[in-house]
Amino acid sequence: MSTILVFAEQRDGLFKKFAYEALAAAKSLKPDSIIAITCGDAIEGADNLGAYGANKVIVLEDPLFTLYNAESYSNAIVDEAKNIDPDLIIFSNSAMGKDLAPRIAAALECACVTDAIEISGSPTSPTTKRYAFSGKILQNHSIPTTPAVISIRPNAYGAEKSEGNAEVQKKVLALSADNLKACVTEIIKGSDQLDLTEAKIIVAGGRGLKDAAGFTIIEELASTLGAAVGASRAVVDAGWRPHDEQVGQTGKVVSPTLYIAVAISGAIQHLAGMSSSKVIVAINTDKDAPIFQIADYGIVGDAFEVIPKLIESLKS
Amino acid sequence: MKILCCLKHAPDSTARISIAESGKDIQREGIDFNPSPFDEYGIEAAMQIKDANKDGTEVLILCLGPETAQHSIRKALAMGADRAIHLKVEHPIDSHATARALSDAIKDESPDIILFGHQAIDTNAGQVPAYVSHTLQLPLTTVVTQLEVSDNTVICYRQIEGANEVVKSTLPAAFSCSKGSKEPRFPSLPGIMKAKKKPLDSIEVNPIENKLILESTYLPPKREAGAFIGEGVEAVDELINRLRNEAKVI
Chain C
1 MSTILVFAEQ
11 RDGLFKKFAY
21 EALAAAKSLK
31 PDSIIAITCG
41 DAIEGADNLG
51 AYGANKVIVL
61 EDPLFTLYNA
71 ESYSNAIVDE
81 AKNIDPDLII
91 FSNSAMGKDL
101 APRIAAALEC
111 ACVTDAIEIS
121 GSPTSPTTKR
131 YAFSGKILQN
141 HSIPTTPAVI
151 SIRPNAYGAE
161 KSEGNAEVQK
171 KVLALSADNL
181 KACVTEIIKG
191 SDQLDLTEAK
201 IIVAGGRGLK
211 DAAGFTIIEE
221 LASTLGAAVG
231 ASRAVVDAGW
241 RPHDEQVGQT
251 GKVVSPTLYI
261 AVAISGAIQH
271 LAGMSSSKVI
281 VAINTDKDAP
291 IFQIADYGIV
301 GDAFEVIPKL
311 IESLKS
Chain B
1001 MKILCCLKHA
1011 PDSTARISIA
1021 ESGKDIQREG
1031 IDFNPSPFDE
1041 YGIEAAMQIK
1051 DANKDGTEVL
1061 ILCLGPETAQ
1071 HSIRKALAMG
1081 ADRAIHLKVE
1091 HPIDSHATAR
1101 ALSDAIKDES
1111 PDIILFGHQA
1121 IDTNAGQVPA
1131 YVSHTLQLPL
1141 TTVVTQLEVS
1151 DNTVICYRQI
1161 EGANEVVKST
1171 LPAAFSCSKG
1181 SKEPRFPSLP
1191 GIMKAKKKPL
1201 DSIEVNPIEN
1211 KLILESTYLP
1221 PKREAGAFIG
1231 EGVEAVDELI
1241 NRLRNEAKVI
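Chains as they are written, first to last, in the numbering used here: chain C, 1 to 316; chain B, 1001 to 1250.
Rather than coming from a laboratory, the hints here were simulated on the basis of the structure.
Ideal Cβ positions, reconstructed from N, Cα and C, are used throughout, including at glycine.
In the EDC-like style, the derived pairs of lysine to aspartate or glutamate whose C-alpha atoms are separated by at most 20 angstroms in a straight line are:
| # | chain 1 | residue 1 | chain 2 | residue 2 |
| --- | --- | --- | --- | --- |
| 1 | B | Lys1211 | C | Asp85 |
| 2 | B | Lys1211 | C | Glu109 |
| 3 | C | Lys200 | B | Glu1161 |
| 4 | C | Lys129 | B | Glu1215 |
Distance ranges between label pairs, derived from CB positions:
| # | chain 1 | residue 1 | chain 2 | residue 2 | range |
| --- | --- | --- | --- | --- | --- |
| 5 | C | Gln193 | B | Gly1232 | 27 to 33 angstroms |
| 6 | C | Gly158 | B | Ser1018 | 30 to 36 angstroms |
| 7 | C | Lys161 | B | Lys1054 | 58 to 64 angstroms |
| 8 | B | Glu1067 | C | Lys210 | 43 to 49 angstroms |
| 9 | B | Glu1029 | C | Gly158 | 38 to 44 angstroms |
| 10 | C | Glu312 | B | Lys1222 | 32 to 38 angstroms |
| 11 | B | Gly1191 | C | Ser313 | 50 to 56 angstroms |
Here chain C stands alone, though its shape is the one from the complex (with noise of 0.2 angstroms):
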């Protein structure tokens, strides 16, 4: 009997779509079961993860899992991990999926394989599709030997929502702080926009934007269309945007389902972080960019004028 285990992430008690991802992820191997896990205080509709495949969920809770805690998290999910034996253990290569997984496969002595797009084969012999080289090459590894652990790419896999009941066991932990090493103080949040990771829309501006000004019209693009804000290298950089905004090789790789690239000539740095997404837009005065070489829709143009115009029209 195959058996897939799940982390099923949580923040504030909610899930996060990162855990539907996950789910779709085991159920597409078709095992025998699926366990999702989850750690938290206060956890709310666990039993509908059984809507998105598990068949079990097994919810941890502690007081002390409250704020993320990589010690305390890793050591439940490992002596859970034991009793159940699974053949192989998902998590999303999240923040805290891609911080929890190596610290899993370390404790069990197993192979693990990060920021997959996707895993083939069976539950108990995957196989593991990834980018290398923020997306300038493919890599396919085998796992020969069980369990497995595989974080998989936010957005690679889309959650998916049908009919199922999940059995909820809830163990009340009673965890002590005394021998934590390293604990999260306090969540500072940054500005109340989407982060790239998460959003199914990126617009993305460029240093043809002239200064930090010019991102005005980048930012109220992204709050027409719902989505995140990103920047080149440059641009970070220059100090116009902060750091976490960067996409590409030494920012964030990203999958979205729409990236609009303004005034962005498309260096092979950014290329590579960005060139996963389904549909890609481009918008620059220089038709002969590279980012057009790679963009399905491509304006000649100033971004000045054509931003405007484009938030004007959808707005209408």
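Once you have looked at the hints, place chain B on chain C.
Just chain B now, with coordinates in the frame of chain C:
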């Protein structure tokens, strides 16, 4: 205080990557290799602690890689690190095997702080820090963009979706660094001259077996250039039409 920075000698981020004849690796000849950029953020963080500490902080570079990796090691020394250890392995090995070799070397040094890049610019795996800290039983905080040391404690910022987690860690500890507010310094000319004379120990390593089997390496399907919709504001309505009705993404 002793700070150990792990360093990977990796293809430069501007390198055009092609596939080797074996179909399993990239073509390693004819491209530039340099310190992996995220590792340089770690070295910069170490140098800032060293600059602030008058009582003497030693910054040590640990690099696993082929003979040619000495190019990146000398660059790190030119940034101001004091000495380096080179674990010589001619062929690429997986994260587990790398971590084992690094851990063995780190044990002998017992640093107060271990710094990594949060992932290498080539494999993008981000696994080595977790394996090393597990083996050495040290706390690890990943994807750190800011780090401050005071009284045997580190307060650091860890980047998550749309926010930062503030993490307080005891020492000794490990941290994996990402791009933060401070750009890595450029080596000065005197720094480059001094680096040539700094101690560099080379050790031959017999790596353990890989856990992962790399079946194939290939280039992604080439994205075809699409359609120019037109020029200037006249093209906007057609773009919206295509996005709504053809691509169906808005």
